[in-house]
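Take the sequences, apply the hints, and build the full model.
Number of protein chains: 2
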Amino acid sequence: MSKHLKHDMDNLHREILSLSARVEEMIDKATRALSERRYEMASEVAAADPEIDRREVRIEEECLKMLALHQPVAADLRRIATVLKLNNDLERIADLAVNIAERARSLRDHPEFPIPATLREMVTLATQMVRAALDAFVNLDAQSARQVLSLDDTVDQLNVEVINQLQDAMRESPDAVAPALYCFSASRHIERIADHATNIAEDVIYLVEGDIVRHKNVAAQMTR
Amino acid sequence: MSKHLKHDMDNLHREILSLSARVEEMIDKATRALSERRYEMASEVAAADPEIDRREVRIEEECLKMLALHQPVAADLRRIATVLKLNNDLERIADLAVNIAERARSLRDHPEFPIPATLREMVTLATQMVRAALDAFVNLDAQSARQVLSLDDTVDQLNVEVINQLQDAMRESPDAVAPALYCFSASRHIERIADHATNIAEDVIYLVEGDIVRHKNVAAQMTR
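Chains X and E are the protein sequences, given in the same order.
Numbering-wise, our numbering comes out as the position in the first sequence, counting from 1, plus 4.
Numbering-wise, our numbering comes out as the position in the second sequence, counting from 1, plus 4.
Hints were generated in silico from the structure; no laboratory data involved.
Predicted model only: the values in this text are computed from it and were never measured.
Take the hints with a grain of salt, since some may be wrong.
Since the list can't tell identical chains apart, any single copy or any two copies may satisfy a pair.
Here are the computed lysine-lysine pairs in the DSS-like style, where the Cα-Cα straight-line distance is at most 27 angstroms [as the list claims (entries may be wrong)]:
1. K10 to K89
2. K69 to K89
3. K69 to K10
This is the structure we're talking about:
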């Protein structure tokens, strides 16, 4: 890798990690808005979104500039293409955080509905996955990326638990239907955050090992 | 654009349109499995997924090869970067079709539960959006891409209708909770297919006009 390209790549990594930190913060606030009923945090999440959008566009432009300027091949080219993809994933994760915050706001009208504690567990794991997937990318660490994949199964199991709890609540009382559906949506959003982290991890493994793992989880997806 | 690049780009367009046609077929089958209770179609959808995955990988490799070989700049570079992104969207749409098919299978155990007719409307629109977004890309037609964006609002409205119908069913009978939740998931999957089509359309507008519309729908997302 040329010195100039390495310099630009280091910058890109810094920007990606900084974007990821902001997105993780949004996920954290969105779920605290939900599980601790700290509704002021929901507004903070929505307010942070335009900044994420601008950063995503900037990183994409940066990638295109690097492609045009350095005309990289082989591993360097693949690395920049991976940034294009994971940048997209990060932006969609931020959108999901906004959606979770929105569900938290809707739940304000149902103060009596208990939010399943498992949701909080799910979100802790999903946030860890996002961070670990990005670190694995920067360090080109396929082993850490594989650990992210294994965490996804745990998130899916927790999601099933949440859904069962919500179903029980809805069966017991018609009044629980509306708030339980908001929780159901939030739980799916968290699951999708974990899915995006999984996509990033799969891209990292492909980048490092050339092994296409990203389509080997189809059977697992089917059971959800 | 050089003759060789044009030749490769034409091939790429053909592959993308052919992938899109397969994915649209999967969406159609998945929702017929659901709404017409034609469960054998659910298996066909799942069986088609590995082919889509292979095609996605091939198109991505094709893009990287074109970047390395032709070292395109400006509009050509941006066009190939757009293919990298929409290829990803198409593959995820196929995954959503598989998820819908899976919900259809789960509903087999609840033959008495009426599937809302609105779901079928939603899916017709979402499939149209996918096709129109891809056509807009190939023809570099920003106007058609903007029409896709406007359809997304209609899909969101239909989704709200479906959710209301399902909530009513759940409030009336505890037995309806499980099947209604499967429908609820399917409805969200269809909504997400429309979201992916919207992402593609937004990328097309950016490609053609340089106008970043992809983050102007945040307000609309918040109301869902």
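Against the structure, the hints:
1. K10 to K89: both (20 angstroms within a copy, 24 angstroms between copies)
2. K69 to K89: both (16 angstroms within a copy, 17 angstroms between copies)
3. K69 to K10: both (14 angstroms within a copy, 22 angstroms between copies)
Of the hints listed earlier, there is not a single one the structure fails to meet.
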